[in-house]
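2 protein chains.
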Amino acid sequence: MDRRNMLKLPLAAALMVGVSGGAVLAQGGEKKVIGISIPSATHGFMGGLNWHAQETIKRLNTTYPHIEFVLSTAGDASKQVNDIEDMIATRNIDALVVLPFESEPLTAPVKSVKEAGKWVTVVDRGLSEEGIEDLYVAGDNTAFGRVAGDYFKAHLKSGAKIVILRGIPTTLDNERVEAFEKAIDGSGIEILDKQHGNWNRDDAFKVMQDYLTKFPQIDAVWAADDDMALGVLEAISASKREKEMWVIGGAGMKEIVKRIMDKDPQLPVDVTYPPALISSAIEMTVLNFESDAPMSGRFIIGSRLITPENAAKFYFPDSPF
Amino acid sequence: MDRRNMLKLPLAAALMVGVSGGAVLAQGGEKKVIGISIPSATHGFMGGLNWHAQETIKRLNTTYPHIEFVLSTAGDASKQVNDIEDMIATRNIDALVVLPFESEPLTAPVKSVKEAGKWVTVVDRGLSEEGIEDLYVAGDNTAFGRVAGDYFKAHLKSGAKIVILRGIPTTLDNERVEAFEKAIDGSGIEILDKQHGNWNRDDAFKVMQDYLTKFPQIDAVWAADDDMALGVLEAISASKREKEMWVIGGAGMKEIVKRIMDKDPQLPVDVTYPPALISSAIEMTVLNFESDAPMSGRFIIGSRLITPENAAKFYFPDSPF
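Sequence order for the protein chains is A and B.
Taken in order, the first sequence gives residues 2 to 322; the numbers are from the numbering used here.
Taken in order, the second sequence gives residues 2 to 322; the numbers are from the numbering used here.
Some hints here could point you the wrong way.
No distinction is drawn between identical chains; accordingly, a pair holds when it is met within one copy or between any pair of copies.
SDA-like, lysine to any residue: derived pairs with alpha carbons at most 20 Å apart [as the list claims (entries may be wrong)]:
id : residue 1 : residue 2
1  : Lys314    : Gly132
2  : Lys162    : Ala109
3  : Lys255    : Ser292
4  : Lys314    : Asn289
5  : Lys33     : Ala117
6  : Lys59     : Phe290
7  : Lys115    : Ser104
8  : Lys255    : Ala312
9  : Lys314    : Phe290
10 : Lys314    : Ala117
11 : Lys115    : Ser79
12 : Lys32     : Thr64
13 : Lys115    : Phe315
14 : Lys80     : Thr43
15 : Lys195    : Tyr316
16 : Lys119    : Leu306
17 : Lys314    : Leu157
18 : Lys119    : Glu310
19 : Lys244    : Gly30
20 : Lys215    : Gly132
21 : Lys59     : Gly30
22 : Lys314    : Asp293
23 : Lys59     : Glu31
24 : Lys314    : Gly118
25 : Lys115    : Ala313
26 : Lys255    : Asp293
27 : Lys255    : Asp220
28 : Lys207    : Ser238
Honestly, the hints are just simulated from the structure, not real lab data.
Bear in mind that the values here come from a model prediction, so they are computed numbers and not experimental data.
Just need the whole structure built from these sequences, with the hints factored in.
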């Protein structure tokens, strides 16, 4: 029991003392190589994600000059598998931060990185097998759907008619849509249709064109993605039905956030799913090497409602997204 | 669509290029004050947690000299409420990292910190009201119970008799015990009793003494905490029944980890619930100010099985715990 009593003295002495200017320890300073493998900028969200990855690497190069980064972007899964194999074979990475292009083809390659004793951080899309990664960083798809659904329920009357645009068929998309439907359950809101716009502006334009042809009354649209929201808004403009319905996207694209700041009645709010989640994943991976803080586990980034009142906080004019 | 095409060039150029030595941005460098309010070192785990908080402050003082920390430790809830009020009134903190001594009395004071526009990180024990904090950092209580239960199921035969020591009555303790019981479900293992040892070595000693008096056969003990495991081991030694049963604690105390490294048959494995989770919370709170990475959400630190093979990774001889 001696150990415990001895322990109490220095702790009591630390009570309410600002420790600034206290003991200075040398930085670890050990060279580490972090590989980052992400999809290329095939749509706006990925454009933002690529930009945030690069900005984070710049910041960390300044803060921890002994940490080296290898960033690769892939337009398809087989390119991404090759990138990761290259990182192991020629760059001798200590850690991999990967946003899988698709879950299935990336699972075995990422597993072999883990089996080679490297730290693995998986971002946004899970692998097909549980328990491979050390750290999982993702947005909160349930909250993403629920926050949007809560807004629809609060701002539409029973009997209101809405349409939904879905993303690429994935478990992620299912979670969002299920949470949205659960949130509006019991509201009397009628979902006229829910087709896949694949998180793509052009696809969303076509889906919305079809909705506008089929349905004479639409009170609101859950576009569920800001890229899709732009396609939806284009289709609505082309049909001159702007005043009939409002549209909720998702993510936090700067053009959309700007219109919310400007109180555009067509875009009353947005729901965050920040492309900067890649930055959280990179920063936490670096902390695994630079600090004693445990960084293995699951970090689920909250989804928040962007309103005209708080939009300035979510507006990043320098980002491409 | 022009924006997207323009975006593709710099990204393609970044393909597989190590960015080390690239553009250097000035550090934010804005002065911020982070308040940290934690329980004092009333038991070993909290001793470790206090030590890790101080080590992390030292590290961050070196990395970000413009960030100031105010650390306070409290032996009861009302002292902790006063500490937090002082941090707002006299230290003008920008963020609060709090491990609530108890949920109920801390909920209103922490909520008012949030309402004053400060960042709030809640650690380990939730508040009584959801949605107050920006960031929640905790161990994985379900995994903590499940990982232990899986070990019991794999290493005991049907009909084996075990006893459980519970912590202080809390939802946290309930989650652990429920997950443990679910994990051994169907194994035929009989739980003889489960009494509260309150995560305290002396209380655990008494509970275990009672078990040893009452039960002529005990094959294994889930002490569920390393402090309690020490009390349990003392009681077993006093009764000279060391060879009859093994004991699984929990957390990752250095004495326990050392004995696992040394292949002590009484302590075959341990389950992590790292006191350094306070370091994760402090580091992530600082990143909210120093980086653009989203840090709001829920970070649940995984529980892992410490075995003789991997114990060296979990052994921190300089920590008091």
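Hint check results:
no.	hint	verdict
1	Lys314 <-> Gly132	between (35 Å within a copy, 19 Å between copies)
2	Lys162 <-> Ala109	neither (44 Å within a copy, 41 Å between copies)
3	Lys255 <-> Ser292	between (34 Å within a copy, 19 Å between copies)
4	Lys314 <-> Asn289	between (29 Å within a copy, 13 Å between copies)
5	Lys33 <-> Ala117	within (16 Å within a copy, 40 Å between copies)
6	Lys59 <-> Phe290	both (18 Å within a copy, 16 Å between copies)
7	Lys115 <-> Ser104	within (16 Å within a copy, 38 Å between copies)
8	Lys255 <-> Ala312	within (10 Å within a copy, 48 Å between copies)
9	Lys314 <-> Phe290	between (31 Å within a copy, 13 Å between copies)
10	Lys314 <-> Ala117	between (41 Å within a copy, 16 Å between copies)
11	Lys115 <-> Ser79	within (19 Å within a copy, 46 Å between copies)
12	Lys32 <-> Thr64	both (13 Å within a copy, 16 Å between copies)
13	Lys115 <-> Phe315	between (35 Å within a copy, 18 Å between copies)
14	Lys80 <-> Thr43	within (14 Å within a copy, 54 Å between copies)
15	Lys195 <-> Tyr316	neither (29 Å within a copy, 53 Å between copies)
16	Lys119 <-> Leu306	between (37 Å within a copy, 19 Å between copies)
17	Lys314 <-> Leu157	neither (27 Å within a copy, 55 Å between copies)
18	Lys119 <-> Glu310	between (44 Å within a copy, 17 Å between copies)
19	Lys244 <-> Gly30	neither (59 Å within a copy, 47 Å between copies)
20	Lys215 <-> Gly132	neither (45 Å within a copy, 41 Å between copies)
21	Lys59 <-> Gly30	both (17 Å within a copy, 15 Å between copies)
22	Lys314 <-> Asp293	between (31 Å within a copy, 12 Å between copies)
23	Lys59 <-> Glu31	both (18 Å within a copy, 18 Å between copies)
24	Lys314 <-> Gly118	between (40 Å within a copy, 13 Å between copies)
25	Lys115 <-> Ala313	between (40 Å within a copy, 19 Å between copies)
26	Lys255 <-> Asp293	between (36 Å within a copy, 15 Å between copies)
27	Lys255 <-> Asp220	neither (25 Å within a copy, 62 Å between copies)
28	Lys207 <-> Ser238	within (13 Å within a copy, 75 Å between copies)
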